[in-house]
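Protein chains: 8
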Amino acid sequence: MNRQILQILRQVEQGKLTAQEAMLQLKLEPFADLGFAKVDQHRALRQGVAEIIYGEGKTPEQIIGIASSLQEQGQKTVLITRLSPEKAQQIQTQLSVQYDQSSRMGILGQMPEPDGIGTIVVATGGTSDIPVAEEAALTAEALGNQVIRLYDVGVAGVHRLLAHLEELMSARVVIAIAGMEGALASVIGGLVDCPVIGVPTSVGYGASLNGLAALLSMLNSCASGVSVVNIDNGFGAGYLASMINHLEGKA
Amino acid sequence: MNRQILQILRQVEQGKLTAQEAMLQLKLEPFADLGFAKVDQHRALRQGVAEIIYGEGKTPEQIIGIASSLQEQGQKTVLITRLSPEKAQQIQTQLSVQYDQSSRMGILGQMPEPDGIGTIVVATGGTSDIPVAEEAALTAEALGNQVIRLYDVGVAGVHRLLAHLEELMSARVVIAIAGMEGALASVIGGLVDCPVIGVPTSVGYGASLNGLAALLSMLNSCASGVSVVNIDNGFGAGYLASMINHLEGKA
Amino acid sequence: MNRQILQILRQVEQGKLTAQEAMLQLKLEPFADLGFAKVDQHRALRQGVAEIIYGEGKTPEQIIGIASSLQEQGQKTVLITRLSPEKAQQIQTQLSVQYDQSSRMGILGQMPEPDGIGTIVVATGGTSDIPVAEEAALTAEALGNQVIRLYDVGVAGVHRLLAHLEELMSARVVIAIAGMEGALASVIGGLVDCPVIGVPTSVGYGASLNGLAALLSMLNSCASGVSVVNIDNGFGAGYLASMINHLEGKA
Amino acid sequence: MNRQILQILRQVEQGKLTAQEAMLQLKLEPFADLGFAKVDQHRALRQGVAEIIYGEGKTPEQIIGIASSLQEQGQKTVLITRLSPEKAQQIQTQLSVQYDQSSRMGILGQMPEPDGIGTIVVATGGTSDIPVAEEAALTAEALGNQVIRLYDVGVAGVHRLLAHLEELMSARVVIAIAGMEGALASVIGGLVDCPVIGVPTSVGYGASLNGLAALLSMLNSCASGVSVVNIDNGFGAGYLASMINHLEGKA
Amino acid sequence: MNRQILQILRQVEQGKLTAQEAMLQLKLEPFADLGFAKVDQHRALRQGVAEIIYGEGKTPEQIIGIASSLQEQGQKTVLITRLSPEKAQQIQTQLSVQYDQSSRMGILGQMPEPDGIGTIVVATGGTSDIPVAEEAALTAEALGNQVIRLYDVGVAGVHRLLAHLEELMSARVVIAIAGMEGALASVIGGLVDCPVIGVPTSVGYGASLNGLAALLSMLNSCASGVSVVNIDNGFGAGYLASMINHLEGKA
Amino acid sequence: MNRQILQILRQVEQGKLTAQEAMLQLKLEPFADLGFAKVDQHRALRQGVAEIIYGEGKTPEQIIGIASSLQEQGQKTVLITRLSPEKAQQIQTQLSVQYDQSSRMGILGQMPEPDGIGTIVVATGGTSDIPVAEEAALTAEALGNQVIRLYDVGVAGVHRLLAHLEELMSARVVIAIAGMEGALASVIGGLVDCPVIGVPTSVGYGASLNGLAALLSMLNSCASGVSVVNIDNGFGAGYLASMINHLEGKA
Amino acid sequence: MNRQILQILRQVEQGKLTAQEAMLQLKLEPFADLGFAKVDQHRALRQGVAEIIYGEGKTPEQIIGIASSLQEQGQKTVLITRLSPEKAQQIQTQLSVQYDQSSRMGILGQMPEPDGIGTIVVATGGTSDIPVAEEAALTAEALGNQVIRLYDVGVAGVHRLLAHLEELMSARVVIAIAGMEGALASVIGGLVDCPVIGVPTSVGYGASLNGLAALLSMLNSCASGVSVVNIDNGFGAGYLASMINHLEGKA
Amino acid sequence: MNRQILQILRQVEQGKLTAQEAMLQLKLEPFADLGFAKVDQHRALRQGVAEIIYGEGKTPEQIIGIASSLQEQGQKTVLITRLSPEKAQQIQTQLSVQYDQSSRMGILGQMPEPDGIGTIVVATGGTSDIPVAEEAALTAEALGNQVIRLYDVGVAGVHRLLAHLEELMSARVVIAIAGMEGALASVIGGLVDCPVIGVPTSVGYGASLNGLAALLSMLNSCASGVSVVNIDNGFGAGYLASMINHLEGKA
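Protein chains in written order, with this note's numbering: chain A, 56 to 306; chain B, 56 to 306; chain C, 56 to 306; chain D, 56 to 306; chain E, 56 to 306; chain F, 56 to 306; chain G, 56 to 306; chain H, 56 to 306.
Because the hints were derived from the structure by calculation, they are not lab data.
In this text the structure is predicted, and so the values were computed from the model without any measurement.
Hints may be right or wrong, so weigh each one.
DSS-like, lysine-lysine: derived pairs with alpha carbons at most 27 Å apart [stated by the list, open to error]: (1) G:K131 with A:K71; (2) E:K131 with E:K113; (3) C:K71 with H:K71; (4) B:K71 with E:K71; (5) D:K71 with F:K113.
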């Protein structure tokens with residue numbers, strides 16, 4: 056932004072613009088251009104990364120439109136989240152989208168090569184948490200991360216989790232996904248030395264209160280290094296994990 | 056009860072009572088005598104067990120009165136729960152009560168010899184859960200049980216818990232006490248093969264919601280064999296554990 | 056576990072294994088073998104007990120696969136919980152499963168002979184609580200317990216409950232199942248001298264809050280010896296009751 | 056009201072008032088006088104009944120002022136609710152108020168003779184519910200009702216309640232007061248054939264949620280004839296019970 | 056009950072029964088016969104009153120069976136609550152049931168002549184509350200009460216309510232039914248001098264929380280004489296109102 | 056109203072009515088005529104404004120009846136809110152109603168010319184909030200206001216909002232509509248100097264609790280000048296905004 | 056803001072600033088100067104209006120400092136909200152602050168002359184709501200509004216409210232303040248034709264849930280023109296009411 | 056761990072240990088040594104980092120003991136969190152602890168030199184959030200991070216936040232701390248391209264529900280890269296931020 060404003064100011068200095076004209080330009084210039092719009096610019100710097108379309112509430116036509124336009128701009132991978140099977144079918148009549156029933160995601164093009172610094176472990180308490188886990192895992196993969204899946208390693212059988220200590224302890228970020236009592240985040244948080252992102256899921260019944268019990272449980276984790284995203288928010292966890300996994304070291 | 060009714064009936068049979076008079080006696084006889092009042096009768100069968108006074112809401116004078124009367128009846132151990140230090144001091148001027156500051160319990164007389172079948176393990180997630188744990192442990196001991204205390208073995212450091220596998224696995228009942236995320240009950244429930252009684256505690260802050268988070272977490276335990284009592288209800292857990300620990304085997 | 060580790064160590068001692076090889080074996084040996092995996096080993100000791108498959112979230116094919124494999128291993132009884140009528144029908148095309156519509160459970164093979172120490176009473180407040188009660192009762196029966204059903208004995212007609220005092224007072228464990236105000240657990244807890252497992256149900260409307268009212272009510276029981284499992288968790292109650300009913304007496 | 060309006064209209068008819076003047080009078084006449092103000096007029100018809108002052112949030116001076124003025128108007132009994140001991144002491148320096156510590160009520164003058172149709176039973180689950188019960192009972196007595204107190208007859212010892220069947224079944228209204236699981240209202244509702252007013256109390260801890268558990272429990276009562284007032288609202292229950300107990304039969 | 060026990064006692068007195076045999080009879084005699092079962096006996100005293108079947112959770116066959124049996128016993132009016140249109144249609148193939156779509160109630164036979172002491176006013180805040188109101192009104196009518204319906208008189212147009220002051224003030228009981236802000240109970244409670252039964256409804260959206268807002272509002276009514284039943288519980292309100300409306304005056 | 060009462064009073068004065076007859080007329084005259092019924096009279100003063108029918112819970116026939124009657128009375132614009140597509144179709148067979156699928160509103164006749172004092176800005180956080188926004192916007196337009204729509208200007212991309220500072224700062228009222236974290240109301244409230252009406256929407260999942268999170272967020276706004284209406288209540292916000300936008304200045 | 060930026064741009068145009076220097080100035084210039092900071096500038100335009108200091112969380116010294124500095128700048132009225140009596144006393148040792156115990160507000164200097172367009176009515180349901188009401192009323196007065204107080208006009212005695220119809224109907228804004236069932240906002244909303252700002256208060260007990268019941272009630276108001284601010288937020292309501300009352304009419 | 060086990064195994068291989076002795080050693084070896092105990096080992100690798108003692112629930116004596124022992128072991132910095140002023144004073148009699156009143160933290164020794172990769176920005180919505188912010192900031196500093204504090208930059212004055220864009224956009228992690236509506240996390244999340252850790256605070260009143268409103272708001276953030284820790288958990292946020300800030304880049 057500074058450069059753009061400076062250019063305008065320089066044009067005034069050089070008499071190429073009057074103060075009035077500069078004023079107008081500054082006002083017309085959308086604020087996005089003033090530096091607040093991070094995503095696109097930064098994205099541009101990391102070629103090959105997937106673009107992600109939030110599918111919920113969009114018609115198949117809208118999705119086809121956006122996806123086609125992205126492909127035309129040279130985007131190699133396009134991910135569509137929260138995509139119902141019906142919409143997926145309609146989209147597949149026009150675009151060669153691969154549909155992952157479990158995570159309800161559509162993938163257009165090829166997954167990028169991992170360019171993250173370490174690996175991201177995606178762990179779930181039970182098998183019913185897998186749809187959320189796949190949303191997280193595919194999001195992370197589409198954003199250029201290597202993902203290790205550890206499914207069904209819930210705390211009611213802590214040995215299953217301990218059998219995977221090595222994978223856990225070598226991860227750069229762990230995404231811990233669990234419904235019901237949501238204790239997985241705490242137990243993992245106590246085992247590893249890297250950030251743990253807790254994702255409560257709405258799996259369960261009765262006093263699980265559609266994921267609130269797991270959410271509260273994770274927020275109360277007595278393990279350090281644990282933070283939490285919204286219930287069932289696999290995408291958010293995958294995105295944040297990727298962000299952390301792409302943080303560069305010291306120059 | 057049957058005997059008492061039978062006696063009345065026999066007196067009618069023998070002409071000692073008219074039907075009318077019997078009718079009146081049956082009506083006057085409090086229903087307690089008709090068999091619904093279990094505690095006292097059953098207590099009578101297990102000599103040596105402590106009597107327990109719920110101290111909250113009772114004046115020191117009331118407590119002294121009840122305790123003295125129990126001692127006079129030959130009760131060797133009297134436990135007073137939820138007893139404030141102030142009340143304890145006042146009572147100590149008249150009775151030789153030992154006061155346990157942590158659990159806020161007063162003990163009159165000697166603890167009975169354990170006569171339960173196995174051992175009861177009382178485990179806590181953190182050190183702040185100890186007051187509730189001591190209420191559970193002392194209650195169980197006063198009711199004639201051998202108690203093993205495993206404190207500060209919370210799930211954020213699962214190795215601390217695993218270091219005590221042997222004690223856990225040899226228990227007849229485990230009381231799992233934890234605030235914050237309350238995952239201890241699940242993890243223990245997955246390790247042992249005996250009933251686990253979860254006691255959520257009000258330890259924590261913010262989203263712990265004064266113990267509700269731990270309560271919900273324990274209710275959602277995916278481990279089998281886990282049930283839950285009210286928040287901070289150490290007494291209830293100790294009492295139930297003792298009940299289970301005194302269940303006889305096959306005749 | 057100790058024996059298995061000891062065997063490995065002995066093989067090293069005897070020169071049959073190098074330290075490296077032993078190391079490898081210890082690492083390959085899943086942690087389950089290191090003693091944390093209780094279920095299978097313990098199960099093995101109590102032949103004839105049913106194996107239970109949690110049907111929710113599993114496809115008919117998956118269920119058929121697991122059940123067949125269990126039968127092949129000689130399992131005489133297999134119970135499938137939370138099984139929808141549709142899935143049951145599909146499974147019945149390949150396996151001779153008996154389907155209990157009320158509890159939504161499928162039974163493969165014969166129920167085992169009761170080998171528990173006493174009887175388990177399953178009581179419900181109303182007729183609408185019966186599905187949860189049957190889940191509890193069938194689970195307990197499949198795990199080798201004698202079950203007495205006392206249905207529709209809710210506290211709004213306390214005489215119905217009192218008419219069954221004898222059954223209640225001779226039980227080794229009582230499962231008290233109720234929706235709406237959930238007072239059944241307290242009233243029974245005051246009548247009997249054995250553990251009472253409360254199961255709140257989601258029966259009710261309005262301020263029943265899908266079972267939360269009954270849950271809170273049961274947790275606040277002023278009767279001693281009452282603990283609670285999750286809303287509608289008939290299976291969990293049946294399992295815990297069986298566990299308690301199989302606890303052996305003193306050697 | 057009709058009479059007052061009619062009088063004004065008649066004065067217009069008779070030329071004593073112009074339409075304009077009548078208009079003004081109708082507007083000046085507070086609506087209270089138009090018939091909406093029930094309490095005073097109706098009160099006037101039932102002499103001897105106590106006047107009640109809500110003490111909370113009023114200064115001792117204000118209370119003394121109101122009470123004195125009521126006495127001067129010939130009021131024989133004045134009841135002051137929610138009165139702290141400190142305020143009571145200050146008031147006692149100027150008025151001969153009897154203070155009931157348990158219910159936190161002050162009584163000025165003599166209780167009226169009962170003029171209600173039947174008796175009101177005030178029952179509590181435990182001894183800690185007595186303050187609320189006394190607020191209800193004294194309110195009812197001050198409004199001219201005969202009150203039978205059945206305290207500590209909670210459902211965890213249902214025989215205690217059954218021992219008082221006769222009193223319960225002969226009542227015209229029952230006030231059932233209970234904290235914790237609040238089941239008392241349901242059990243009584245199932246035993247009696249008259250209206251039952253449930254009063255949940257804030258007695259309890261943890262999952263009692265300051266009386267919410269008991270409130271929800273009572274609202275979900277499966278017994279017919281039960282309705283509920285606010286938590287700890289002894290006054291409201293006593294007032295409503297008195298209202299029902301003074302309903303006349305057929306002319 | 057007394058009579059039955061007395062008969063047994065008399066038989067002992069007369070030597071027709073031994074004490075043992077009497078004992079047995081008393082034990083076999085269900086407790087219902089010992090006086091706790093109020094409904095039937097009392098019902099018997101008030102001939103002509105409708106019997107009410109709770110339709111929810113019962114099959115059409117079950118309902119037909121119960122209703123037929125009641126008719127055979129001479130019951131003139133049978134009301135079926137919470138009856139879906141589908142079930143109603145099935146029942147109508149065998150019984151001449153009139154179906155009220157709004158309240159989802161079925162009526163078999165003729166409504167009884169009103170024999171209550173006064174009138175019951177059923178008032179609603181809006182038109183969407185009418186289904187609950189009709190459940191209350193028809194229940195009350197079936198139990199022998201004269202009902203005045205005041206629908207759509209909510210507090211956001213208080214003049215509509217005031218236009219019916221006369222009906223309100225001449226009622227013996229008022230049932231105030233409202234969703235959303237539920238203020239109707241308070242406003243009516245302030246206008247009338249008789250018991251007001253508040254029925255919150257689940258009408259509304261968003262912060263109405265399915266009737267919880269109205270429920271809380273009614274419980275907090277600052278008008279005396281107001282009590283509350285469960286959300287949407289029209290039947291409960293109608294039943295309680297009838298109970299109050301049949302309370303006899305002084306002998 | 057005054058005039059109507061005055062007319063009656065004058066007729067009495069002139070001997071055209073007796074006091075009795077006047078009394079009767081006053082009683083028959085619905086209270087609405089006594090001045091409490093604001094809507095109609097005031098509406099009458101602002102010709103051309105639309106009449107609004109709340110469609111939910113009304114049958115197509117009822118809506119057609121009301122709408123036709125309004126048109127016959129000369130109403131130029133009739134708006135129907137919360138109208139399902141199915142009902143709209145049925146109504147369109149008889150009336151030329153334009154249906155707006157997004158806001159689920161039907162429009163009969165022409166929108167009036169804006170006669171408000173300033174402009175109303177309707178802003179949304181995301182595109183999923185648009186249905187609620189259109190309900191607000193169309194309501195405001197139908198009531199004679201000029202509306203500027205700023206959609207998808209949520210706080211997670213604050214530059215989008217800042218790009219519209221000019222429109223925001225020149226508004227007389229702003230309606231801020233947002234689900235999820237609902238921060239839009241606060242941010243706008245901090246930018247503008249006019250009343251901001253917050254409308255939380257039920258858009259979101261998990262911890263959005265169907266709009267409760269946004270509702271609480273808006274109520275806690277630390278910006279002055281912000282008030283809130285019910286979740287998804289676009290109509291209420293549009294109505295209130297119009298009311299404020301039609302407040303006249305000093306005479 | 057535009058003028059300030061334009062000035063900088065003009066200085067560049069005139070060669071008085073280099074582009075670099077201008078850049079620096081633009082960056083140093085806090086964004087507040089770029090137009091987002093409304094309060095101060097707008098305040099400047101309406102001389103005589105009070106400045107308001109939020110007292111909570113500030114030390115007496117801080118408050119004295121801010122207030123003195125404001126007075127030195129010529130501010131005639133300074134209001135301090137949420138001021139404890141202790142702090143007030145300390146402040147009074149150095150500044151001649153008048154302290155209003157009820158609203159916990161301190162007033163420095165003289166209240167300004169009203170310059171709003173109409174009057175603001177502040178109505179409360181009970182006398183306990185007066186502290187919040189006074190916070191609203193004094194805030195509005197300090198911001199230059201004429202305020203009419205209607206206290207204790209709650210809906211349980213609707214005639215008290217109707218007696219003040221004239222004041223209500225002539226208001227430009229009404230602030231309706233009520234705890235407990237919070238129905239006041241709805242009833243007033245149905246009577247008046249101007250914006251109604253609901254302020255729920257934390258007055259009440261039990262199911263009032265510290266004001267949540269009143270809050271939900273107000274949000275569910277079926278009267279149009281009602282919006283709500285946070286519980287006990289008298290200041291917010293007074294500020295918003297003043298804002299609406301100063302909205303100018305058409306030029 | 057592997058090395059330690061291998062050593063034991065090698066000793067067996069070499070005949071230095073019998074299998075039995077090895078077995079014993081493996082059992083005695085605390086599980087911490089088997090690799091699950093991360094903290095100490097890893098800590099050892101990063102010399103100079105502070106050790107942190109959680110002060111709540113520990114006596115001054117306990118804290119002095121732990122701190123002294125840590126100092127003796129050569130620990131240069133010891134931080135004590137949640138330390139009351141009273142305890143701090145007692146500790147200061149024996150150790151030269153610097154006490155920070157705002158964050159309630161005690162510091163023993165010198166803060167380490169920052170060795171993190173980038174800077175951590177700690178931003179708060181208001182001044183009342185500063186105690187939590189200081190807990191986060193001091194924790195991060197004690198763990199070797201450079202911290203930039205941006206206090207009182209809440210969203211109701213978004214220009215204050217935008218004035219610090221540069222600091223925000225150059226951060227490696229941002230901690231966003233806010234009570235009330237908690238929107239700060241979302242707005243910052245939309246501005247920066249690095250992980251944002253939201254910390255809701257219990258600042259606020261009424262509908263802030265002690266921080267729950269802010270918590271829900273942050274969990275619903277529509278900005279990507281935002282995760283949340285418990286209410287008021289400044290320590291947790293500072294610890295996690297430090298963890299992220301010390302993640303190394305690619306080797």
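Hint check results:
1. G:K131 with A:K71: At roughly 49 Å apart (the allowed maximum being 27 Å), K71 (chain A) and K131 (chain G) break the hint.
2. E:K131 with E:K113: holds, 22 Å
3. C:K71 with H:K71: holds, 16 Å
4. B:K71 with E:K71: holds, 16 Å
5. D:K71 with F:K113: violated, 52 Å
The structure fails hints 1, 5 (numbered hints given earlier, in ascending order).
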